[in-house]
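Build the full structure now, drawing on both the sequences and the hints.
Going line by line, the protein sequences match chains A and B.
With the numbering used here as the guide, the letters of the first sequence map in order to residues 2 to 723.
With the numbering used here as the guide, the letters of the second sequence map in order to residues 2 to 723.
Derived from the structure by calculation, the hints contain no laboratory data.
Values in this document were obtained by computation on a predicted structure and should not be read as measured data.
Note that beta-carbon positions come from the ideal geometry of N, C-alpha and C, so glycine has one too.
Don't take each hint at face value.
Take a look, some chain B residues computed to stay more than 10 Å from chain A by CB distance [stated by the list, open to error]:
(1) L11
(2) D74
(3) L105
(4) Q139
(5) G201
(6) E214
(7) N228
(8) M335
(9) V336
(10) E361
(11) E675
(12) V676
(13) L695
Below, simulated DSS-like cross-link-like pairs (lysine-lysine); rule was C-alpha separation at most 30 Å, straight line [to be verified]:
(14) K682/B / K205/A
(15) K280/B / K245/B
(16) K309/A / K234/A
(17) K244/A / K309/A
(18) K205/B / K168/A
(19) K255/B / K280/B
(20) K31/B / K682/B
(21) K357/B / K682/A
(22) K357/A / K662/B
(23) K357/B / K662/A
(24) K546/B / K234/B
(25) K682/A / K540/B
(26) K222/A / K682/B
What follows is a set of in silico ranges between Cβ atoms, one per label pair, in the way DEER data are often shown [to be verified]:
(27) Y367/B / Q143/A: 32 to 42 Å
(28) A543/B / P217/A: 41 to 51 Å
(29) I68/A / P198/B: 38 to 48 Å
(30) F374/A / L653/B: 17 to 27 Å
(31) G637/B / Q143/A: 46 to 56 Å
(32) T442/A / F379/B: 50 to 60 Å
(33) Q663/B / V681/A: 29 to 39 Å
(34) P198/B / V342/A: 33 to 43 Å
(35) Q366/B / V342/A: 57 to 67 Å
(36) K309/A / I157/B: 37 to 47 Å
(37) K309/A / Q663/B: 37 to 47 Å
(38) L653/B / K303/A: 47 to 57 Å
(39) T442/A / Q663/B: 13 to 23 Å
2 protein chains.
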Amino acid sequence: MDFNSFLTSLGTSFAIFVVLMLLFTWLSRKQGNAVVYYPNRILKGMDPWEERRSGERNPVAWIQEAISSSEQDVVTMSGVDTAVYFVFLGTAVGILVLASLVLLPLLLPVAASDPGESGTNSNGAFNELDRLAMGHVQQRSQRLWAFVFATYWVSIVTYYLLWNAYKHVSDLRAAALVAPVVRPQQFAVVVRDIPTPPEGQSRKEQVDTFFREIYPDTFYKSLVVTNNKQVDKIWQEIEGYRKKLSHAEAVYVKSKTGSNPAGTRPTCRTGFLGLLGDKVDTIDYYHEKINELIPKLKAEQKVTLREKQQSSALIFFSSRLTAASAAQNLHSRMVDTWSVVDAPEPCQIIWSNLPKNFYERHIRQYVVYFIVFLTIVFYMIPIGFVSAFTTLSNLMKLLPFIKPIVKEKVLRTVLEAYLPQLALIIFLALLPKFLFFLSVTEGIFSESHAIRAASGKYFYFSVLNVFIGVTVGGTLFSTFKTIEKDPNIIVPLLANSLPGNATFFLTYVALKFFVGYGLELSRMVPLIIYHLKRKYVCKTEAELKEAWAPGDLGYGTRIPADMLILTIVLCYSVIAPVIIPFGVVYFGLGWLVLRNQALKVLVPSYESYGNFWPHIYTRIMAALILFQLTMFGYFGVKQFYYTAILVPLPILSLIFAYICKQRFYQFFHDTALEVVRHEVKEIPNMEHVYRSFLPPSLATEKPDDDQFDDAASQGSKSGSAV
Amino acid sequence: MDFNSFLTSLGTSFAIFVVLMLLFTWLSRKQGNAVVYYPNRILKGMDPWEERRSGERNPVAWIQEAISSSEQDVVTMSGVDTAVYFVFLGTAVGILVLASLVLLPLLLPVAASDPGESGTNSNGAFNELDRLAMGHVQQRSQRLWAFVFATYWVSIVTYYLLWNAYKHVSDLRAAALVAPVVRPQQFAVVVRDIPTPPEGQSRKEQVDTFFREIYPDTFYKSLVVTNNKQVDKIWQEIEGYRKKLSHAEAVYVKSKTGSNPAGTRPTCRTGFLGLLGDKVDTIDYYHEKINELIPKLKAEQKVTLREKQQSSALIFFSSRLTAASAAQNLHSRMVDTWSVVDAPEPCQIIWSNLPKNFYERHIRQYVVYFIVFLTIVFYMIPIGFVSAFTTLSNLMKLLPFIKPIVKEKVLRTVLEAYLPQLALIIFLALLPKFLFFLSVTEGIFSESHAIRAASGKYFYFSVLNVFIGVTVGGTLFSTFKTIEKDPNIIVPLLANSLPGNATFFLTYVALKFFVGYGLELSRMVPLIIYHLKRKYVCKTEAELKEAWAPGDLGYGTRIPADMLILTIVLCYSVIAPVIIPFGVVYFGLGWLVLRNQALKVLVPSYESYGNFWPHIYTRIMAALILFQLTMFGYFGVKQFYYTAILVPLPILSLIFAYICKQRFYQFFHDTALEVVRHEVKEIPNMEHVYRSFLPPSLATEKPDDDQFDDAASQGSKSGSAV
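Right under this line is the structure:
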């Protein structure tokens, strides 16, 4: 790719971003769009238009608001997890800004003023960007010392900011946990691997006896996990009919207002997909169906609670100190029985994974790791092909009929700029669901944990495949024969092919941030979907609410994507320092746009109190070590005599990572007692806490089993939001 | 070494053993020797001669008693640690007996009936033992399948017995911990890394506030660790003078009985070593000295308690459940503050290590590991030289003047049999103290833990240096040039030199068990020392008691020595199956002799409830994997086509080790709550528990500080035996 197509790409992306931002400014002012642009505020019962008074006509008002918002605002509006995500974005910006302050004024003149050498450039010809890169410096030149210094500088800046960030996140987590409000999950623990109960004792008695003996003062109640497959099915069926019923009722009410004051009762067919079968009155039909199912649900609930108890339970304590302590204690001599862990939020529990036993979990885990390994390795091949084939010259050879299109100068430039990146982005969009599915299959019982696991897999996938895959893949075609002869060549090969791919990644990053964040901010897709649905589908309030439900930040894919960018920028930071400003814009723009989204739009679907941070931290360290190794390899390629001076860096990184982990990590795994030692303000309503963990399919109907021995409020799911 | 010298060595060793056993039978009957042969019984207030009635004249009565004693007897007389050690001995015997049942009838005929091949034998000539070994089987022979089967058999037998043993030890530990008796250490935890107290708060207030808030119901008291260097010094000085005083008084009393009814008051000189200076009356002099020091001690105690408080403390709880739970909990967000762990027995605490902070401990640990690594690597060189030089033919070349001695046939045979082994044994005797010192330097604060750490280091030292060192060392001299050319040769080299050294190790094992256990049983050395001391040194009861104090099993050196034997026997079990009976005799005889010692002689100096087991287990697994790798290498040397069939074995071992660790290990690290959930029978006397942890130098005098705010009993150290 030459410099022109790079500039075109950059310009187009920027133009798209500006258009989208203007669209956002215009659309977000319309009253009817409030639910699309301010759903978080609306759901929290706030006035969506509050800020209007100050900057009515100002198209950058949202930027001012984002900047002036405090971390506490973010925690209040969107939870600790979101605040931690901003700590990550801030740290990334910090690292890159501090790096650029030294690297840009130092390295660019050093590289540009070098007499230069030909041949190392992968295209065989110089362009303006390549002149500013380390590849332009002559081999064995003393100027390389500046690059050595830069490598150290980037590393030290990263250590410093990461240490502060880890400390800050730990404070955020502690502040959230110490707050004296009743959170059901702080009063509960999950116990798995309960052994078979002794003869003549029910599972519930067994569990109660065990925990009451150890925690006589604070044990409140237990909730044995049941196999809810059957009852869930019936419950969902009823819920489905209820929705259809209220839809039909809304249609009926609407039909009354016209010339027909009696209205038309809606009808439907009972057969396949509502297309075949008898025509019946919809409202009556669904009423009938629901009335049929309710006794069935009640019977199934009874059977489930009595006979489908499984080897897992939730235990409730009247003190959160005890719950925190219990989750850290070894209860049974054998680790494969009575394993007790912290309970996640009720809404996060993946019930079907709770009863999976100790050995099954371990075996599943290793099988999943193996599958992920295969996925990573075997996707490498297609990605290599994609990046090799989607250069225009290759495409023309393969598909001669596109030649006339390519001849158009403008079109050609655009295509050349976007083709490889588009292939890549589409490709990556297919994977996350699969990885999440795999993580759930491992037996993880908390949604946020499963998302973290999937995100980790996705990160290693993207670094290995996109970064190393594309880098090496581009050069692979020409040098495949060489590798066959000597596999040791791979490291210098990687280092060699890095500079040639710098512009590819520059375009990739620019496309990501301008178009990606533009779409994010303008919410074009949700807006269109919402308006279409409102017009043609939704009849009831509930349906409408569902149509504009904003969703959450989507850490599972967002963080690996960010991490990939950070990895790319870090690895190129010294080799081609011009990439750093792009990284700064990516993370800075991301910070701005997402701050707006977090405050006004997105609603987190769970809260893990910053448990995502250790994962992010590990990946940043992995990226840093990859950067250091790459630099080591690249200095080797440059035949720099003192390359060995870089050897301490990866070792230093490992020591730093170890110390950080030692010092901070355990608090993200166990709840420190000093944090929860203060009791909550009000005496917790334990029945409420207990009910918030009841699965909805078991909690909706009037309780009449021994598990429901008192008739407290029915506010099952709603309690989870406390 | 030829077969003759081997038989001579065996015969001599056996003769020594028989003589020592007869000596034991004869000496142990004498009334005056009871304190040497039955100290454990005497200290426990039992009749040492109890068994006399049944088998008065029977020289093997002790064997009958050892065999008929139950595990419960061992636990009662000598504690759980000793019982666990017998589980280890029993497991070793079990593994070797089960292995020999298949290996001896299978492999010996297979090897002996083989036409054989010359050249693989390191001596170049066959002897009777070599004919029975795998080395005698021809290369590529189908007979090697029998040896493959044998390798699998040994591995499977080891897995099976190890699993049972681990389970059994876990039961033993649980039974000991569950017992409803008051053990001070079960009611206490150690807290280290206490942060600097806030302004205006003493360390003690800080600690009390912190723990009282978290454990309001069960917190009893805290004991802040102080810097006792100064006060210990004064206290020891006083104790020394007291001993000397009572000695002088005893001498004075004795002198009265003679012709001189007034007696002669003993005198001494006050100067250097009692040789120079003024001559004074000893009794008066020491009285004076003690009276001088007591106010000094009191003053120093006050200063110590007030001003020398350090960043560590012991916390006492009125419930052992709370103590067990507290030791497993994370108390502070930062792992480097308020780290809480189980308290060891009071007598085990290494006080000076308690205040060492988190980072110091880690750094010390890595420095120590590095020193150990250096020790292991650089001792390799001298050991190699020793084993190469101490063959007689080498000695004759180097020291021509010993030729006439060597010419004597008998002497020559004896020398040839013992020289290399003696060098080895003496060499190994120097090391354990150094390794224990290193382990204490690491910052470990419990004696039993430090001994375990030293024992682990000693094991790796002995396996690497003695086993691999001697094996390879013998061959190294001739093949040093080859290794220089190609370091990859080391593995086949090791496998190649194994059979040639089999007889060396046979003699080594035989010497170890016959002479070692003979000396152990007959207690010749303690007997002679005791009688000498009684006659010439001891005047008072206390001095006499000190003279016959029996000591403990000495796990620090005993277990690594046993593990070395087990490693050797396992590694040779298939290559030269004749070694197995020797192993059986070693562990069987050890079991018998030590059973006698445990029941009657030795007194454990601490109790760690079987915490030694995971270490033993890990080392047995390491030995097994070394055996499997050796076999893999040796089959390769034999050019067996299907050598790859052994690849699953080490993998299987790793999986087995992992599962075992997962299932059993955590209980040896943390106390399971189900084990301590039953409260102790009597209400514990908490003041008593607290005082048992007071260092003697602070507890002897009348308390008058705020740490001693009530005047309970002064039974400080004696309480630790509860």
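Quiz prompt | Violations among the numbered hints, reported as their numbers in ascending order | solution = 6, 8, 9, 11, 12, 20, 21, 25, 35 and 37
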